[in-house]
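A.B. asks: Sequence:
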Amino acid sequence: MSTVVKLEALLTTIATEHNTAVLAQASTELSTHWLKQPDTIPRLLQIVANSSFIGARQLAAVEARKLVEKSDGKAWLALSEQVRQEIKTGILSVAVNQESILVRNALARVISEIAKIEISNHRWIELITILNSLCASPVVGQREVGVYVLYTLFEVITDQLSDYIPELLALFCKSVNDPESITVAVTTVQALGKVAEFIEDPNEPSFKTFCDLIPSIVQVMQRTLVAGDDANTLKVFEVFEGLLLLEVPLVTKYFGELVNFYLVIASTPDNSDEIRIMAMSFLMLTASYAKTRLTKLRLVPTIIDAIFPIAAEEESKDREDRYPAKSAIQVINSLALAFPPHHVYPAVMRHVATFIQDSQRSGFRRAAMLAIAVLVEGCADHMREKIDQILPSVIYALQDHTPCVRRAACTALGALSVDLDDEIAEQHSVLLPLLLTLVDDPDVEVQPVVLGTLVLLVEALDDAILPYLELLITKLIGLISSSNRKSVLASVNCIGSVARSSGSSFLPYFKVTMAQLCSFMMITEPSNLDMRAIATDAMGAVAEAVGKEAFAPHMSEMMNLVISGISIDSYQLRECSYLFFGVLARTFGEDFSPYLQLVVPSIMHSCNQQDTDWNDMLKSSNSFDPAHNPNGEEDIDISEESDNEESAIEKYSFNSAISLEKASSFQALSLLFTATRAAFLPFVSDSANAALSSLDNFNDDVRISAAQCLLQFFVAMQSIADSSEWQAGLPCQTPVHENVASIGKIAMEGVLKMLDEEEARMVVAQTLQEIVETIKLIGPVSVGFDYSSTPDSLQYVNALANMLLQLFRGEHSCQINEDFDESAGHDDDELAELDALVISTAADALGGLAAALGPEYGSYFSPFFPLIAKHYQKSKPVSDRSMAIGTLAEIVDGLEHGVSPFTQDLLPLFIKSLRDEDDEVRSNGAFGIGLLIYYSTTDLSSYYPQLLQLLYPFFTIDSKSNMSDNACGAVARMILRCSQAVPLDQVIPVFFGALPLKRDFEENPIVFKCIFFLLEAKAPSVLSELEHIRQLCKHVLAATAPSQVDSPTRMRILEVMSSIQ
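First residue of the sequence shown? That's 0 in numbering that gives the first Met the number 0, and the numbers climb one at a time after it.
Quick caveat, the hints were computed from the structure, so don't treat them as lab data.
All residues carry an ideal CB built from backbone N, CA and C; glycine is no exception.
Treat the hints with care, as some may be off.
Said to hold, decoys possible - Subject to a maximum C-alpha distance of 30 Å in a straight line, what follows is the list of computed DSSO-like cross-link-like pairs (lysine-lysine): (1) Lys1033 with Lys959; (2) Lys1017 with Lys959; (3) Lys193 with Lys234.
Unchecked claim - FRET-style restraints, in silico, Cβ to Cβ: (4) Lys316 with Ala1037: 56 to 62 Å; (5) Met1056 with Arg998: 23 to 29 Å; (6) Ile124 with Ala226: 33 to 39 Å; (7) Glu125 with Ile100: 21 to 27 Å; (8) Glu1015 with Ser718: 35 to 41 Å; (9) Gln388 with Asp904: 35 to 41 Å.
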């Protein structure tokens, strides 16, 4: 038997054998014997040319490609020049003569790998000319081979082909319209996708040529759609997605037509679900990468109009699947997140109003509710003002006769409860009874969703839950024995939420709920470990609610139970266990210290787990054995390819679980250090290093948690070293302990570096919020822990200020527009709410810095003022205007007398804000103007008559804002600054008529300072209010309002009460 015949027989065995042992033996022989010999390349190609068995031919081509590619072409170059030349001369003819497209394409990739080596060494240059001839051939098979080889060449060699771009574009202009072969047309489109990557200058001729080809590419997709050829349609889809992501705007000229074409594809029920979903995926991409063009062409309402009927289509039986109605809702969500609310909200709500009234089609009513649910994530502030218009529709749908509508209404209410918690909580008397009725819904799919919504609503209610507590617990305990597993899970979760909201009022239900939760926490069956995890989380909530004294007798038993669960292979269980430890530490404080040695090592192990990003996993999932190649066209065993894809998904799920576990681990470490204080010190170094190394993790949640962990470690260390109240200004009033400086350096350097490079807006926003909290808690130590009166010692102040300046200028990496189409510039005074959130948190950080630095902050304020002030324009939304005035007021509060140089800039802005149409803006304006008058060394008493006139309505309007309270604060500061400019006999009755303060108790110290001043001055108008003053003092000192005044004010009130009595 000849060598070639033996090799062919071996390949046939691998391609056909089902016996695992035989297959393994054959594969081993192939890899250890045949693939070690360079001469195997021509033998494999001989099999491709001559074998009668298609499987052997395909596998021979696959192995030939791998052998040519291996070790930078070592085996290929080991062949004699004569053999290499013979192969190059004949291989195209072999490919053309293959009747199987799979074999032909596999062989084309062999040609590409050979060309990669040869052309790089300035040989086989004639290949491009030969391929051009093939592409122009009247024979379809030759055209298919020519175009496919050119396409594969772009995948392996790039620089060498760039010189041929004009020539290839001219060729592709013809082949993309091939009338006989859809294969030629589609492969040409794929090749054009590669060519596009070489076009960098919109002024070069190739740019115009390519742009003019877009209609032809669309026609190719139309052909594949008409033919029902999903595989080729998806290939064209992928090309268009790639074009959209390129910096050069190749699709801009026909962008509007392209979007409308995709909308037609998505809206055509005759297309397969996969194709329709892909069309909607493209539309979601445009929300990120073509926002400017969508805005300029006013396509957002057009997309919403087309998408809404799709959202009303039938759901899949398994709602976890992808299906058109679900994708349509996701399109709405992507638009809501990407665009300012006024672009999306009106168009969506117009359909909601119509669809919810469609009594005949439940899908329409369901779509209306789901649209509200996904809209709120990106339009929360906008919807807050319109909640009275939105909520009636949700309440109406909660009582719908169709289960899918009730379920969707619960989803909408849950989303509203998260983002509009205060507004929803106000309606508890209507909403909670409705949900409690729905808990008994006969539909098995409705009940778990109702319970999930209850979790969110209960957490929004806080102690407003108390009147419903007994009924809630009774229902939840009853459902724990339900046969509906989803309902049981949701019930256990809901018990935890009820405990969190009700606090110590949960104590009467402690015994009964604990018994139930304990039974779940003993589960060991792998299929039910999620139940154990949720029960563990709920038990932590119960422990914190009932408090240390009530839970202490059960502490040891529960800790042992949870510690035993850590060793079980369940990411969710470990995640919930770590948070359980953190919550118990928060409850027991330093008494939790003995458990640190038992729990911290496991948490640290989770922190240090290796995880990889999605791209790495895709690469690893595409590894192949001798009988398998990742390219679809070369696959022999389709089921094997399917298994490989499943492996990738499993790895992604596995990796996501690791990320959740890691994020929870860092949260737990923060809680443990904060609670156990000095006892945690032996673990600080390793924990901080683990957090530091995770600041560049691919997962957003991990980066956020790691940053929060470092900053909370910083705060905890400072609280151990110095618990006294901080004073503004640098250097810090108390020497900074070396341990604080050490952790401060790690935390601030690491977090600021992360923020400097961070591209995810939510990561920036949440990390900035943690920095603000850090500044609030430890003041100037947060940025001046190594201050030494040298310029370098201000590095953290400067770094933070510069980053905030970038954010306000819109130049930070998280604000760099993914939309590369700069030609379609547009003006829009409203930001998408996620962008606005970033600015808002940056504004909070400015206020925090001002508070920490005091008057010294003045040197940083100048560049920020115009950037903040531009957000206070009539055309800006209320949230922007409120943020601007509120931020300026906070900065004035921090600057104190250092505000004087900025008085004339701030004064007209604050006065203007007092006339604003929005109560919250006016309230902030009252706060700001009072502070400016009080602290500025400029005498502003000449403005008193105008200001008092503007402030007077604040005392008479019934508002949910702090208008009246802030007006009281403003008037108090005006009196303290220059009482003689205030007509006390007119002002005092109005002033006292608004007391006590209703909401903003932080104004109480200045209000009482004013009252004490007037009493000492024996102002007649105040002496007539003595009884009012007595009652006011009693009110703020009452046990029911212990937090209304600080300690110095409380002491002074007691003195005054004694004297006036």
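A.B. asks: Taking the earlier hints as the rules, which of them does this structure contradict?
C.D. replies: Of the numbered hints, just 2 does not hold.
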